[in-house]
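Protein chains in written order, with the working numbering: chain L, 1 to 342; chain D, 343 to 684.
Some hints could be false.
Covered stretches of chain D, as calculated for chain L (at least 3 residues, CB under 8 Å) [to be verified]:
| hint | segment |
| --- | --- |
| 1 | 364–372 |
| 2 | 389–395 |
| 3 | 420–433 |
| 4 | 457–469 |
| 5 | 483–489 |
Please keep in mind that the hints were generated in silico from the structure rather than gathered at the bench. Keep in mind the model is a prediction, meaning the values are calculated, not measured. Positions of the beta carbon are idealized from the N, C-alpha and C atoms, including for glycine.
There are 2 protein chains.
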Amino acid sequence: MSVGDVGERSLIDLFFTLIEGFPRAVLPFGDDAVGVPLGNDALIINTDMLVGRTDVPPGMSYWQVGRKAVVMNVSDVVAKGAKPMWAVFSLGFPRHTTMDDAGELVKGLNAGCREYGLYYLGGDTNECADLVVSGTAFGLVGRTSVISRSGARPGDIVAVTGPFGFTAMGFKILLENMSADSQSKNLALRAVYEPQAKMREGIVLSERNLASSCIDSSDGLAWSLHEISKMSGIGFIIDSIPAPKEVQTFAENHNLDPLELALYGGEEFELVVTIPSVKWSRAVDSVKVVGGTLYKIGTVTEDKELLLRLPNRAEKKIEPRGFEHFRKQSEKDFGEHGTDLH
Amino acid sequence: MSVGDVGERSLIDLFFTLIEGFPRAVLPFGDDAVGVPLGNDALIINTDMLVGRTDVPPGMSYWQVGRKAVVMNVSDVVAKGAKPMWAVFSLGFPRHTTMDDAGELVKGLNAGCREYGLYYLGGDTNECADLVVSGTAFGLVGRTSVISRSGARPGDIVAVTGPFGFTAMGFKILLENMSADSQSKNLALRAVYEPQAKMREGIVLSERNLASSCIDSSDGLAWSLHEISKMSGIGFIIDSIPAPKEVQTFAENHNLDPLELALYGGEEFELVVTIPSVKWSRAVDSVKVVGGTLYKIGTVTEDKELLLRLPNRAEKKIEPRGFEHFRKQSEKDFGEHGTDLH
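Chain L extracted, bound-state conformation (with noise of 0.2 Å):
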């Protein structure tokens, strides 16, 4: 049986059984980071792996590329509450690759990592046949503010921070040759191009110790509710999905269900959390203050069922649907796409 088989997440769970855990890690295997202990600190650690084939999107630039590689690391990190410090990147170029394009994106991973507060450190260089951005970031915590997977309880209030489906908007744009008025489509192109990861949110969030769980959402936002589920041993009953209006209205004119495109799109970073409900307007207010929104989707459940609960719809399971690699899917599987940048 090979990988391309079994999929991403079966191997990893098969290498957690042959790897010999750390006693003392803050996180458990299959959080978004893993962590030590630094005296009073947590050394917060995340290691995402960047591939042209598979990460890169038709049209996206060399720069945007070194920038994306450090919006998925910080993402992780900030996810766990921590603030993102250093990172360091290997990189893998294929020997065809020019020199111009080679530094555009070393800049733009410069220019990433200073956006997000984070100096590049150095890194390795080299040959392979794909183009591998590897980035390992590094952020800082208070021990006991390290905002895990598992401590949804039931009662609590999970929100994201903000809406979902511009970036399945804009893969199906780019990939299935959608039309979208050209205001709307520079909305979703740029969710693609050049997203953002929510640092301020998962900060403050830590700092203040409001949220009880949190992930971020880069392998869709079902994904992500049923890692929490997962994690905690809790479920959810979900009755708001925050969509932009440019995505309803993309969905209508194509006869596609928004909602899929809000649950099920990936390779979004916002940021899913739970809240204990004493603490909800504190919350709401303290993501205020840092420039950001808090939207309430729902409600964390005893039952371990994840329900999708709409004014005017018919009550549903959230299905365990998201990006994976090696199993190929429509969506974002951007074949050879993937190394043709420009």
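Let chain L serve as the given structure and place chain D on it in line with the hints.
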């Protein structure tokens, strides 16, 4: 101009001009690893990417590939005097990789980490055209005990932690089908397949503040000497090169220069250190106590040349050659063999 035209080192030189340095870095750009202050300690971080086609010689098992990825990263951390603590790995697998092979690789990563006392904290898994193992190892050392490449001073003794030449001999056997008696062949292949990082040596020299500079020799002994020369602004007179008798016999039998094998091989993980002469005997004793050996190979000079002055040989310069990605070199370009793992 493509990255293949200019080679890895010109690329790295370009990148340095594009990256905004961390003002409080404890090591300069271009050292073996990077480092940041954490209280009285320094966190030393190294990232190294292993790529199947260039870093995996024919006949190496997946388990050995995993273990080697650990050794590559550990070697740079200990060359700075730090105790390796943790590592993360991002993996790229071609789709056809079997689950068994992927599992063996991960077992090798875990085994390598435990061999050197690190914990394998976790990582990321992706699809990639090449096999890619991108590791980041990090270690801790007292801030005043970090050993850079730039502290060598005229009059210091330059020494190495072991003899050189087995890996170059191993590559000749594997890639050019050269013959050797079975015991010598075993030693050479073991050096290639299961290299050793000189951890205890690096740590004891740092703990006792005995080394003025240090580098690991993964790019070859000659290259390592040139790097210390460049970063410390000094030169060397090298009057002894320890090469095992098996390497000398192999060279004789094949009409090769054993010095060539010892100086320009690469993929060895010995430490090359400079020691102030007043500390030399303490350094020798300290390394002996931890089970190692320091071999004096010469002295540091004010003049920035690297001279090889051996008994019964004409004096000559040591060339700045070594293994470099992108630029093809007969000895280390595994070509398509690289992916032929078993």
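Tested hints:
Residues of the segment 364–372 of chain D with a Cβ under 8 Å from some Cβ of chain L number 3, which satisfies the need for three, so the listed coverage holds. For the segment 389–395 of chain D, the proposed coverage by chain L is satisfied: 5 residues have a C-beta within less than 8 Å of a C-beta in that chain, meeting the threshold of three. Here the segment 420–433 of chain D counts 6 residues with a CB under 8 Å from a CB of chain L, which clears the bar of 3, and the coverage holds. A stretch counts as covered by a chain when three or more of its residues have a beta carbon under 8 Å from one of that chain; for the segment 457–469 of chain D and chain L the count is 9, and the coverage holds.
Here the segment 483–489 of chain D counts 0 residues with a CB under 8 Å from a CB of chain L, which misses the bar of 3, and the coverage is violated.
Checked against the numbered hints given earlier, this structure breaks only hint 5.
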